[in-house]
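A.B. asks: Take these sequences, add in the hints, and give me the full structure.
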Amino acid sequence: METSLHRSLKHIYSSSGSRVEATILGYRADVLCDDMVVEIQASPLGAIARKVAELVRHTRVLVVKPITHRKFVVRWSSAGGECVSRRLSPTTGRLPDVFHDLVRFTRVFPHPNLTLEVVLVDEEEVRVPRRSRRRSHCVEDRRLLGIVAARRLQTAADLARLLPFALPTSFTTDSLAVLLGSSVWFAREVAYTLRHCGATRVIGKQGNRLRYEPVPAEKSTVDWMVAC
Numbered sequence: 004m005e006t007s008l009h010r011s012l013k014h015i016y017s018s019s020g021s022r023v024e025a026t027i028l029g030y031r032a033d034v035l036c037d038d039m040v041v042e043i044q045a046s047p048l049g050a051i052a053r054k055v056a057e058l059v060r061h062t063r064v065l066v067v068k069p070i071t072h073r074k075f076v077v078r079w080s081s082a083g084g085e086c087v088s089r090r091l092s093p094t095t096g097r098l099p100d101v102f103h104d105l106v107r108f109t110r111v112f113p114h115p116n117l118t119l120e121v122v123l124v125d126e127e128e129v130r131v132p133r134r135s136r137r138r139s140h141c142v143e144d145r146r147l148l149g150i151v152a153a154r155r156l157q158t159a160a161d162l163a164r165l166l167p168f169a170l171p172t173s174f175t176t177d178s179l180a181v182l183l184g185s186s187v188w189f190a191r192e193v194a195y196t197l198r199h200c201g202a203t204r205v206i207g208k209q210g211n212r213l214r215y216e217p218v219p220a221e222k223s224t225v226d227w228m229v230a231c
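4 is the number of the first residue of the sequence shown in this note's numbering; add one for each residue after it.
These aren't lab readings, by the way, just hints derived from the structure by calculation. Where is the CB? At the ideal position from N, CA and C, for every residue including glycine. The reader is advised that the hints may include incorrect statements.
Pairwise CB distance ranges, derived in the manner of DEER restraints [claimed, not checked]:
hint : residue 1 : residue 2 : range
1    : Arg22     : Asn211    : 26 to 36 Å
2    : Arg107    : Ala152    : 16 to 26 Å
3    : Val181    : His103    : 13 to 23 Å
4    : Phe75     : His14     : 43 to 53 Å
5    : Val87     : Met4      : 47 to 57 Å
C.D. replies: Structural data, given as structure tokens:
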């Protein structure tokens, strides 16, 4: 079922003359402009990797990926019922969180016909009681409250610039985790994505850890014909 968040972003990225929920090359597109397909993907990017890989062979594609900055959790008494409570989730999202998804999108990105727009949003998550004993509630809807920031990515160098710091001349996932203030697991996702998208390369090992270095922007390309 389409959420209000998805519907709102579709409206924002539509323009005069564009078609919504149109068919192109056998695929359903969220928005179809004259020479570009717009896909809104609140779910994992890996779910549309095959679709996007096929579309970019024939046309330009803009993938819009919302990342939740702040989330207000609203509990209803029932579907369509009354609001019982509303609270702010303690979890705060950042633009670099998109690396969680990019690890399964590196066979598609970067590509000359592909643009990825990461949108940091505030949203409201509506929950209703669930009869199942396994969970006390289910998500009824997600609503867009506002757009906090947006970053457009087209190249491997753009990915590196998504980080809140310049990459060191050499680093491991351990040192990257310290710079990110994150878990080593997330640092591994970042390192994997940067490497497979062509933004960094392996230059050796430090113990059992790979050591990486940034690739100059003019050289940070991948064989996109093979990648697709």
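A.B. asks: In ascending order, which of the hints set out earlier in this document are inconsistent with the structure?
C.D. replies: Those not satisfied are hints 1, 4, 5.
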